[in-house]
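Undergrad: Between the sequences and the hints, there should be enough to build the whole structure, so can you do that?
Residue-level listing of the chains:
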Amino acid sequence: MDEKRTAWERLQLIHTKGRPTIKDYIPQIFTDWYEMHGDRLFGDDRAIIGGLARLDGEPVTIIAEVKGRDINENKVCNFAMPHPEGYRKALRIARQAEKFHRPIICFIDTPGAFCGVAAEERGQGEAIAKNIAEFMTLRTPIVSIVLGEGGSGGALALGVCDELAMLENAEYSVLSPRGFASILWKDASREQEASELMKITAEDMVRLGVAEAIIEEPLGGAHNDLDKISENIHEYLSQKIPEKCKKDIDVLLKERYTKFRKIGAFTE
Amino acid sequence: MFEDFFNVVKKRWGDGEEEYKPPMFKCPRCQGTSPLSKYEELHRVCPKCNYHGRLSSQERIAITVDKESFKELNANMRGADPLDFPDYKEKQAELRGSTGLSEAVITGTATIKGSPVVIGIMDSRFMMGSMGSIVGEKITRAFEYATEHKLPVIMFTASGGARMQEGIVSLMQMAKTSGAVKLHSEAGGLYISVMTDPTTGGVTASFASLGDIIIAEPKVLIGFAGRRVIEGTIKQRLPEDFQLAEFMYDKGFVDMIVERRKLRSVLSHLLKLHGFYPKEA
Numbered sequence: 001m002d003e004k005r006t007a008w009e010r011l012q013l014i015h016t017k018g019r020p021t022i023k024d025y026i027p028q029i030f031t032d033w034y035e036m037h038g039d040r041l042f043g044d045d046r047a048i049i050g051g052l053a054r055l056d057g058e059p060v061t062i063i064a065e066v067k068g069r070d071i072n073e074n075k076v077c078n079f080a081m082p083h084p085e086g087y088r089k090a091l092r093i094a095r096q097a098e099k100f101h102r103p104i105i106c107f108i109d110t111p112g113a114f115c116g117v118a119a120e121e122r123g124q125g126e127a128i129a130k131n132i133a134e135f136m137t138l139r140t141p142i143v144s145i146v147l148g149e150g151g152s153g154g155a156l157a158l159g160v161c162d163e164l165a166m167l168e169n170a171e172y173s174v175l176s177p178r179g180f181a182s183i184l185w186k187d188a189s190r191e192q193e194a195s196e197l198m199k200i201t202a203e204d205m206v207r208l209g210v211a212e213a214i215i216e217e218p219l220g221g222a223h224n225d226l227d228k229i230s231e232n233i234h235e236y237l238s239q240k241i242p243e244k245c246k247k248d249i250d251v252l253l254k255e256r257y258t259k260f261r262k263i264g265a266f267t268e
Numbered sequence: 269m270f271e272d273f274f275n276v277v278k279k280r281w282g283d284g285e286e287e288y289k290p291p292m293f294k295c296p297r298c299q300g301t302s303p304l305s306k307y308e309e310l311h312r313v314c315p316k317c318n319y320h321g322r323l324s325s326q327e328r329i330a331i332t333v334d335k336e337s338f339k340e341l342n343a344n345m346r347g348a349d350p351l352d353f354p355d356y357k358e359k360q361a362e363l364r365g366s367t368g369l370s371e372a373v374i375t376g377t378a379t380i381k382g383s384p385v386v387i388g389i390m391d392s393r394f395m396m397g398s399m400g401s402i403v404g405e406k407i408t409r410a411f412e413y414a415t416e417h418k419l420p421v422i423m424f425t426a427s428g429g430a431r432m433q434e435g436i437v438s439l440m441q442m443a444k445t446s447g448a449v450k451l452h453s454e455a456g457g458l459y460i461s462v463m464t465d466p467t468t469g470g471v472t473a474s475f476a477s478l479g480d481i482i483i484a485e486p487k488v489l490i491g492f493a494g495r496r497v498i499e500g501t502i503k504q505r506l507p508e509d510f511q512l513a514e515f516m517y518d519k520g521f522v523d524m525i526v527e528r529r530k531l532r533s534v535l536s537h538l539l540k541l542h543g544f545y546p547k548e549a
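Here the protein sequences line up with chains A and B, keeping their order. Take 1 as the starting number for the first sequence in my numbering and just add one per residue. Take 269 as the starting number for the second sequence in my numbering and just add one per residue.
Don't read these hints as lab results, they were simulated from the structure. All of these numbers come straight from a predicted model, not from anything done at the bench. Ideal Cβ placement from N, Cα and C applies to all residues, glycine included. All the pointers check out, no bait thrown in.
So the derived list for chain A, only partly shown, Cβ under 10 Å to chain B, looks like this: (1) E120; (2) G123; (3) M136; (4) F180; (5) L184; (6) G264; (7) E268.
TA: This is the structure in structure tokens:
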């Protein structure tokens with residue numbers, strides 16, 4: 001593990017070209033990967049992929065936001081900014097996992113849900129709301145990992161889970177620091193200042209009860225050693241998935257609800 | 269400065285030459301102006317285009333529930349400052365003073381034409397109705413109370429979205445409230461969401477969109493992303509009716525658009541249709 005970087009330094013790091021994406025991780029961590037397509041309602045959003053694979057020989061369901069590794073890939077996956085049909089595909093695949101008693105592993109890596117005309121017309125708000133509500137009571141274990149960016153509701157739509165892990169340099173935030181500065185101070189150029197005030201690092205998430213684990217990155221960041229970071233993620237999942245699968249599902253659901261239920265600060 | 273004051277006085281009372289001008293309401297939808305008294309007489313509905321303006325939570329209670337039936341739940345909760353965000357505590361205290369509100373939502377029990385309900389009303393005067401810990405907690409508790417007492421829930425939503433000063437803690441309120449809605453729903457509870465101006469961002473992307481029945485008031489703003497953000501993305505101006513209640517209705521995300529003067533009666537009918545009749549005296 002590196003010496004602690006500031007939030008701003010981590011933001012630069014996760015935007016480094018060559019930072020691994022889900023497409024790099026799947027062949028490293030899983031076997032028998034079969035991707036499923038479409039929400040059965042409108043279309044197939046390439047910003048979210050989902051399907052079946054094996055983890056240590058056992059079937060699992062994978063749902064992940066996809067960053068492109070170059071401009072061509074990014075054109076296809078819309079820079080990992082899903083439309084409503086992406087979230088609806090995720091929910092369809094999650095329900096299948098529930099039906100066939102497979103644990104779900106979600107990989108979060110998005111600047112946020114896409115902001116556009118078509119996204120509004122097809123109910124971006126409703127799609128996210130529904131995923132959040134439905135994931136809360138899905139009767140199968142869910143483990144989520146933030147790989148890089150965890151942007152807003154677009155991340156939370158895959159973030160209702162039994163346990164959340166952050167890669168060491170990943171961030172999770174209510175809005176990009178740039179958007180935050182522009183809303184709060186009407187000055188997007190103050191994004192660095194915003195990034196430090198917003199409390200968006202892996203350690204912040206553990207302290208605030210949002211995440212339970214931090215997955216260590218190789219020296220200099222995940223892009224420096226794909227084998228090593230994949231091994232670390234694999235090791236985490238190999239421990240967590242069986243642990244969650246062993247639990248009585250009703251206990252697990254109560255704990256899932258409580259995990260989110262207790263986040264907040266107030267007096268009375 | 270004294271000169272300014274003098275001018276104001278002259279304008280108000282006139283100097284014999286100017287006639288008295290009543291205060292006017294300028295509609296944010298049709299840009300038309302009408303006497304403020306007329307707008308207020310219609311409970312803040314634009315006389316020209318039927319835009320349903322923003323009500324305070326007290327005004328909403330007064331026109332929705334039976335007289336003196338409202339009993340507030342969790343009235344003593346006060347906001348904290350989970351991220352030690354600069355000036356946030358001061359801002360909350362200042363708003364409590366100037367608005368008389370404790371936070372951006374008020375929740376409680378009431379009756380509507382005798383039918384019992386748990387009701388929540390967001391108030392856009394408190395930090396644009398944004399959802400921080402208090403909003404999340406009060407709404408969650410309202411649903412939990414309703415689940416426990418087998419009561420229906422009516423939520424009047426009005427929000428700019430997340431409470432920036434609470435960062436990720438604000439985002440997590442979406443999960444908390446939606447989870448409570450889901451448990452209420454699984455227990456067979458009825459939830460009617462009434463979208464008022466404006467219902468946007470994280471509130472649209474959580475409990476506001478999860479009603480068994482979703483009602484909107486005419487011409488109110490409903491959406492996920494802000495208009496300016498989308499215009500920035502697509503680099504062109506959006507049509508005027510984009511993200512209005514009628515647009516969302518056409519796209520299939522709103523069950524009915526109901527005028528304010530009919531809302532109490534519609535809610536009463538819907539409650540009775542689900543078996544919530546007035547208690548026998």
